[in-house]
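Protein chains in written order, with my numbering: chain A, 1441 to 1554; chain B, 6 to 114.
Be aware that one or more of the hints could be misleading.
Claimed, not checked - A few chain A residues that face chain B, going by a derived Cβ cut-off under 10 Å, partial list only:
#  : residue
1  : E1443
2  : V1444
3  : Y1475
4  : Q1477
5  : K1480
6  : K1481
7  : P1483
8  : E1484
9  : V1488
10 : I1496
11 : E1498
12 : L1530
13 : G1546
14 : P1547
15 : G1548
By construction, these hints were calculated from the structure, which means they are not laboratory data.
Bear in mind that the values here come from a model prediction, so they are computed numbers and not experimental data.
Glycine is no exception: its CB is placed at the ideal position from the N, C-alpha and C atoms.
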Amino acid sequence: DTEVTQTPKHLVMGMTNKKSLKCEQHMGHRAMYWYKQKAKKPPELMFVYSYEKLSINESVPSRFSPECPNSSLLNLHLHALQPEDSALYLCASSQLGGGADTQYFGPGTRLTVL
Amino acid sequence: AQRVTQPEKLLSVFKGAPVELKCNYSYSGSPELFWYVQYSRQRLQLLLRHISRESIKGFTADLNKGETSFHLKKPFAQEEDSAMYYCALLRTNAGKSTFGDGTTLTVKP
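Next up, chain B with everything else stripped away, as it sits in the complex (with noise of 0.2 Å):
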């Protein structure tokens, strides 16, 4: 069975600290991850997936299979990237997706 784990419900730093969102996963097979954003009162929407290894809105995320992790890491976070924060494992053609429980971002001034 596949599952993923964001261990943090709640993560508050404060404008111009580094931020790091966890997410674990459990797969048997070669997992996909993603990372979803969903800002106040605004639709689902892709963050960044692992297999295109870039840097969105200055966030990054890394595979990393031995210790079965995908964290979102920031530098420097924003007052704009307090939002929840969803990581999602698919399995390749299957469709068949599984998010986690998400974290909720606040960004303090």
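One chain only, chain A, in its complex shape (with noise of 0.2 Å):
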């Protein structure tokens, strides 16, 4: 399996839902990431985890809360999101080989607060 998988695909939530985004990926990868990507604009990172230690986190509000079951998996849990945080999700992996390694993206999780 050479993929990053996401679910869910769309997701619609109000300011005071709890939900969580899913990413799974079976490549043997001991990194894992999260981004937002507004439209038109590039991907921003949220967070990275290596060997499923939580390494970067890029200031994120703690709304979001990632977490890392396994070395397969990542989820970002969502709690009192704001309209402002649609966007979409994307994950990513990478083998964490020694350098700077190729991240391989997941199709994302569009993400809608109303």
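Each of the two chains sits in its own frame; use the hints to bring them together as a complex.
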């Protein structure tokens, strides 16, 4: 399996809801990433996990809570989001072999916050 | 701080014409640079990385440390090359990446 998969594809939620985004890869990659991408803008890094430990948090608000239960799975828990959080959320993974690794991206979850 | 600049938001060429998408970067360390492409309704995918010095789909990119550039070139553009192209800089071992704002390439028949 050489793909990064993300579920759901689309998500609509209210500002008081709690939801989760899921990302999975079976390429044996030991680094996983969450990005946020607004329309016609580049991806912005949110979080990086290396060997299932959070290694980078780009000053993301606490209403976004990442979780890496194992080396294949990455979740992003969402709570009390704002309408401006509506965006495409991309997951990526890379091998972590030393040096800067190629990141492989999932198709994204399109999130709309009402 | 690391920064990636793609000066052209939109680029339009005719089929068969040469194309060059510009990318400039600023980074105090030793950069690793990538080009990613996003075709309409498809996921972001790697096109090429400077360290491998390969040609993918006829595209090449050379890292010029003197000019801090990593321009993407293709001698003869094809209609299927129409897409959004992002230049990205990755810091070694840190996992921290910075993307340029992207260039939308349109290849006209």
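Hint-by-hint comparison with the structure:
Because the closest C-beta pair between A/E1443 and chain B is about 9 Å apart, less than 10 Å, the hint holds. Because the beta carbon of A/V1444 sits about 8 Å from the nearest beta carbon in chain B, less than 10 Å, this interface hint is met. With its C-beta approaching chain B no nearer than about 9 Å, A/Y1475 sits inside the 10 Å limit, and its interface hint holds. Interface hint status for A/Q1477: upheld, as the beta-carbon distance to the closest one in chain B is roughly 8 Å, under 10 Å.
Annotation: interface hint on A/K1480 holds; nearest CB of chain B at approximately 8 Å, less than 10 Å. For A/K1481, the interface hint holds, since its Cβ comes within 10 Å of a Cβ in chain B; the closest pair sits about 7 Å apart. With 10 Å as the threshold, the beta carbon of A/P1483 comes within range of chain B, its nearest partner Cβ sitting at about 6 Å, so the hint holds. Among the interface hints, the one on A/E1484 holds; its C-beta lies about 8 Å from the nearest C-beta in chain B, closer than the 10 Å criterion.
Checking A/V1488 against chain B: minimum C-beta separation of about 4 Å stays under 10 Å; hint holds. Checking A/I1496 against chain B: minimum C-beta separation of about 6 Å stays under 10 Å; hint holds. A cut of 10 Å between beta carbons decides the hint on A/E1498: the least distance to chain B is about 8 Å, and the hint holds. At its closest, the beta carbon of A/L1530 sits 7 Å from a beta carbon of chain B; the interface hint therefore holds under the 10 Å criterion.
Checking A/G1546 against chain B by beta carbon gives a least distance of about 7 Å; that is within 10 Å, so the hint holds. For A/P1547, the suggested interface contact is upheld, since its CB lies about 5 Å from the closest CB of chain B, less than 10 Å. The criterion of a C-beta within 10 Å of any C-beta in chain B is met by A/G1548, whose closest approach is roughly 7 Å, and the hint holds.
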